[in-house]
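**Student:** First to last, the sequence lines map onto chains V and Y. Position 615, counted from 1, in the first sequence is what our numbering calls 615; the numbers after and before it change by one each time, with no gaps. Position 259, counted from 1, in the second sequence is what our numbering calls 1259; the numbers after and before it change by one each time, with no gaps.
I should point out that these hints are in silico values taken from the structure, not numbers from a laboratory. A couple of the hints might just be wrong.
Unchecked claim - Here are the computed distance ranges between Cβ atoms for each label pair:
{"#": "1", "chain 1": "V", "residue 1": "551", "chain 2": "Y", "residue 2": "1302", "range": "35 to 41 Å"}
{"#": "2", "chain 1": "V", "residue 1": "631", "chain 2": "Y", "residue 2": "1091", "range": "57 to 63 Å"}
{"#": "3", "chain 1": "Y", "residue 1": "1219", "chain 2": "V", "residue 2": "170", "range": "50 to 56 Å"}
{"#": "4", "chain 1": "V", "residue 1": "554", "chain 2": "Y", "residue 2": "1219", "range": "46 to 52 Å"}
{"#": "5", "chain 1": "Y", "residue 1": "1161", "chain 2": "V", "residue 2": "55", "range": "41 to 47 Å"}
{"#": "6", "chain 1": "Y", "residue 1": "1031", "chain 2": "V", "residue 2": "586", "range": "31 to 37 Å"}
{"#": "7", "chain 1": "Y", "residue 1": "1031", "chain 2": "V", "residue 2": "576", "range": "36 to 42 Å"}
Virtual Cβ for every residue (Gly too), placed ideally from N, Cα, C.
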Amino acid sequence: MSTPASQALDRTAVPWLFAAALVTTLPHFAHQAAWLSLLTGLTFAWGAWLWWKDQRLPGRWLLILLVIAACSSIFVEFRTLFGRDAGVAMLVIFMAMKLLELKSRRDGMVVVTLGYFLLLTHYFYSQSIPTGLWLLLAMWLVTATLIRLHGGPASTLRATLRYAALLSLQAVPFMLVLYLLFPRISGPLWGLPQDAHAGKTGLSETMSPGSIANLAQSAEIAFRVRFDGPLPPREKLYWRGPVMEQFDGTSWRPFPGRHVAERVEVISSPIGYETTLEAHNQRWLLALDAPTGLPAESALNGTLTAGVRQPITQRQRFRLAASLDYRFNASEDSAVLRRNLQLPAGRNPQSHALARQWQASEKTPAAIIAKAIALFGSRDFAYTLQPPLLGDNSIDQFLFQTKRGFCEHYAAAFVVLMRAAGIPARVVGGYQGGEANPLDGYLVVRQSDAHAWAEVWLEARGWVRVDPTAVVAPARIETGIADALPAGEPLPALIQLRADWLRDMRHRWEAINNAWNQQILGYDPQRQRELLTRLGLPDTDWGSLAIALGLACGLLLVAITGWTLYQRPRRDPATRLWHKALRQLARRQVNCAPWETPLAIARRVDAERPELAEAFRRVADAYLQARYGRPTNNLKNLKNLREALAQLPRWR
Amino acid sequence: MLGSKLSILAGHPRPLDGVLAAAGRVILGKDTEIRQALACLLAGGHLLIEDLPGMGKTTLAHALARLLGLQFSRIQFTSDLLPADITGVSIFDREKSEFRFLPGPVFAQLVLADEINRATPKTQSALLEAMEEGQVTSEGQTRDLPRPFFVIATQNPAHQIGTFALPESQLDRFLMRIELGYPERSAERALLAAGSQRVQADQLPAQLSADDLPALQREVAGIHAAEPLIDYVQALIDATRQNPAFQHGLSPRAGLALLAAARAWAWLSGRDMVLPDDVQAVLPAVARHRLRSAQGGGYASAEEIALLIRSVAIP
């Protein structure tokens, strides 16, 4: 199939298309399967080579074969052709393959359109500042490519890029209006495919030896907190996640059944704070102990964990309050107490024996707890991210042989000892501490702050927090994990930063990111309502928002059109009258090109419409006199022109 | 029937209509070219006529000199012509015991430089310097050339054997370059019937005197060019710079030349204002030798100029 010359893609436009294809697909290489990126890269290189050597493009059958091969590889990899990952992979591959059939201008337009669409797909994966900047750049280049396709080879690189930048800048007011006024809904605008939230790191619902130590090696941010008042002391910052009451000898799980309502007695006055939770795909909020005020969508679940109905699949902001000194369930349901004394039969006999020995010798639970704390406080125990592996009797092994463990080892061992000694106890998972960013005052809590501690129930005092880690490694609670661990532990470099300027840079970057998250991405229905109320539009619903949006866009369009018209060189009155005359000619099938001189037109009228010749000559003559003559008789010339035009016979 | 208001389309008769008519009787069927040559001289520019030998180049130059009453001299350029053969030499006067300057043929009001591209570049540049400066420097002494001073150079097409093509910088010194081309059938028949034209050109009566010409030139320079007309000239110049058909665009000097030539054309048409028509009429003669076609590299073709005109809207 040959392409007509007018529709053919000129050779020099091809590098533009390659550049556009590259910038729109490149960020996907970071998270795609390696073979996919390799295939895409090879296709790019092949297309580029064919262009460079001016070779024939592959034939239609080869292309069809390639498409089938690519689709089946994607199906094999993802088991589907739909969904976020498979869909994006298809688009990327197709973009690369389109570069193998760049024959006509239409093919170029397909690349540009696909490029614009691919821009959108990057937001499925990241909404960070670097992504935004990159996509801005990519949009500029794709727009420039579009202009280049229309402009032909005469347009210079500079002019093309300038024009593209100008067009993009003109879109900014519309972007702002849409951003501010487009009806916001909680959650994503359209349902993201199921696979969109896979692979989020965070605290899980079960705890086994090593699970928190693994998490602690990630520097990812779990949540950010801004306190209304001053930052509370660090050793009080226990962010509660799941409470695990069931122990099967290896791992800890929350009790799956219903909980009775909790009774919290507030001792110190509550402090308010706002937390911005990163997506963790779980149904809890990580509230500061003990929560006294919760957002509407959340409720306490009986173990003081703030639960939510839907898993948190995107970054969300909540307003909470907490009382740092509290009494929790001073009188507890007997079923709960029984549950928290259960231990798997036949496991960890040594620990059981030790605990029973304490129970016999000590009179009060407090004394037994003190015994256990004293045990961990002895020099033998070490705090490490790399504890040895443990077998079936994990608690015995840990307490009497290895004596090296991370917080989950200490919490689990402590709870087992307490239960064996007849004191109701359970493990609490969550985060401890956090790092205050001096630049924006936010407290940043990372995965490396993940922690596990114990809770024991004492008569009249209720559930009391006991953190054995605080005994083994006091620095963990007081200053953070980096100081608590001996040198050489596999902590992320970001957390170990000792150099002040590096730490400062990290703070700066995180403060910028946080501002972006809070101000730009965190613009939710609530904030939109606040803004609209401030603009004098309280109680807006979808309908009125749509009207406001339409009005704002319409006003903008009118303003821009007005400005453009104002900027346009104004036609002088003579030319306006002359064009009137030309329209009269056009109605009589005498069409004039913009380069035709009035004299040439008059001569044509002589030949083609002799009945008009005399009258039209008068018009042309008056126009020339008014437009090109000396400006001394302007008014008289114009009057002549008007009279001549009036005498031109009207067409009916 | 057409009243005084219709002066633009009707036009006024001008004294040079007689010159045009007389020249047209000698060089048959070439009215446009004669008019262009005359416009060139009125605009104060030098003229390059390029065509095959025997097309009437020399006759045209001769006729113009006679009709305008200009003092005429002719230099036949050959490959052994020296600069001094043009500018003149100093010889020793024994009686007065001093050197006396014998002016060369360039000291004339209208110089016909015949087949200029047959001479060496050194000799060519001697003439071109005189064209540019209006004076001649010989043996350390500078001498003014007579006023008015015109050069009509003729050249054979560059691909002919034994020619030195003029460089672009020197081509730029010619306001206009025209081609005569073969005469039409009827004109050629009349020519064959009337015999040698050269004789007739010599016999043409002068219609003006050399003193009239500067006054006419001043009148031409005063022709009105309105703002929209200047805009049009600028748009055309700009279009040559944007148009990929040309290797490079027109210079600002070429823009001035275009406007000057258009003024002369308007004056010859009996108007006191320049119209876009005048610009379009002189554009090929002014622009073609100053532009290089992107394809082939020779002068821009007449078709390319026509397309250029069609690409620019009249403001």
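**Student:** At the C-beta level, are residue 551(V) and residue 1302(Y) separated by a distance inside 35 to 41 Å?
**Tutor:** 58 Å, violated
**Student:** Can the suggested window of 46 to 52 Å be confirmed for the beta-carbon pair residue 554(V) and residue 1219(Y)?
**Tutor:** 59 Å, violated
**Student:** Does the Cβ pair residue 1031(Y), residue 576(V) satisfy 36 to 42 Å?
**Tutor:** 37 Å, holds
**Student:** So the hint says 31 to 37 Å: do the beta-carbon atoms of residue 1031(Y) and residue 586(V) match that?
**Tutor:** 34 Å, holds
**Student:** Could you say whether the range 50 to 56 Å given as a hint is met by the Cβ separation of residue 1219(Y) and residue 170(V)?
**Tutor:** 51 Å, holds
**Student:** Given a hinted range of 57 to 63 Å, is it respected by the beta-carbon distance of residue 631(V) and residue 1091(Y)?
**Tutor:** 59 Å, holds
**Student:** Does the hinted range 41 to 47 Å hold for residue 1161(Y) and residue 55(V) at CB?
**Tutor:** 44 Å, holds
Violated hints for the displayed structure, listed by number in ascending order: 1, 4.
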